[in-house]
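Q: Sequence:
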Amino acid sequence: MKFYYVYVLYNYSKKFIYIGYSENLIDRFHYHNSGKVLSTKNLIPLQLIFYEAYLDKSDAKRRENYLKTNRGRKTLLTMLSNFCTKNSVS
Numbered sequence: 001m002k003f004y005y006v007y008v009l010y011n012y013s014k015k016f017i018y019i020g021y022s023e024n025l026i027d028r029f030h031y032h033n034s035g036k037v038l039s040t041k042n043l044i045p046l047q048l049i050f051y052e053a054y055l056d057k058s059d060a061k062r063r064e065n066y067l068k069t070n071r072g073r074k075t076l077l078t079m080l081s082n083f084c085t086k087n088s089v090s
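Okay, so the sequence shown: first residue is 1 according to full-length UniProt numbering, each after it adds one.
Just so you know, the hints here were simulated from the structure itself, not pulled from any lab data.
Be aware that one or more of the hints could be misleading.
What the hints assert, rightly or not - Ranges of calculated distance between the beta carbons of each label pair, as one might list FRET restraints: (1) S88 / D56: 18 to 26 Å; (2) K15 / S58: 27 to 35 Å; (3) S13 / R62: 26 to 34 Å; (4) E23 / I44: 17 to 25 Å; (5) M1 / L38: 29 to 37 Å; (6) Y31 / E52: 32 to 40 Å; (7) K2 / K36: 17 to 25 Å; (8) L55 / S13: 33 to 41 Å; (9) S88 / N42: 13 to 21 Å; (10) S88 / K2: 33 to 41 Å; (11) S58 / N82: 26 to 34 Å.
Owing to the predicted nature of the structure, the values given are computational and were not obtained by experimental measurement.
For glycine and all other residues, C-beta sits at the position ideal for the given N, C-alpha and C.
Make a model of the complete structure from these sequences and hints.
A: What follows is the structure, encoded as structure tokens:
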């Protein structure tokens, strides 16, 4: 069974959240932390703080796009409220 992932990475020193999509979560996480992803190379080290797995690719892409909206980000921060409070994420 193949899964499609929506994931959230976090940089503790810059207090930055990155939301992404991948078909291989572990490889993509390592790729981010190797500095090979333009949008996150200045954010290393990144920590995986959350992910969701989907059986359908279009469902995963839809969720990623939603979480990148203002409303979706608010939803995400609410879901991760304990983490956000402890780490001053806004």
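Q: Could you say whether the range 13 to 21 Å given as a hint is met by the Cβ separation of S88 and N42?
A: Given about 20 Å between the Cβ atoms, the range holds.
Q: That 17 to 25 Å hint for E23 and I44 (C-beta), does it hold up?
A: Given range 17 to 25 Å: holds, Cβ gap about 22 Å.
Q: Do the beta carbons of S88 and D56 sit within 18 to 26 Å of each other?
A: Violated - the Cβ-Cβ distance for S88 and D56, about 35 Å, lies outside 18 to 26 Å.
Q: Confirm or reject the claim that M1 and L38 have a C-beta distance inside 29 to 37 Å.
A: Cβ of M1 to Cβ of L38: about 32 Å, so the range 29 to 37 Å holds.
Q: Starting from the range 33 to 41 Å, see whether the pair L55 and S13 falls in it by beta-carbon distance.
A: Roughly 36 Å apart at Cβ, these two residues keep to the hinted range, so it holds.
Q: Note whether the CB distance of K2 and K36 lies within 17 to 25 Å or breaks it.
A: Distance hint for K2, K36 holds at roughly 23 Å.
Q: Do the Cβ positions of S13 and R62 conform to the proposed distance bound of 26 to 34 Å?
A: holds (32 Å)
Q: Given the range 27 to 35 Å, decide if the beta-carbon distance of K15 to S58 lies inside it.
A: holds (32 Å)
Q: Cβ-Cβ distance between Y31 and E52: within 32 to 40 Å?
A: violated (19 Å)
Q: May I ask you to test the hint 26 to 34 Å on the CB atoms belonging to S58 and N82?
A: holds (31 Å)
Q: Using the C-beta atoms of S88 and K2, is the stated range 33 to 41 Å upheld?
A: holds (37 Å)
Hint compliance for this structure: hints 1 and 6 are broken, all remaining hints hold.
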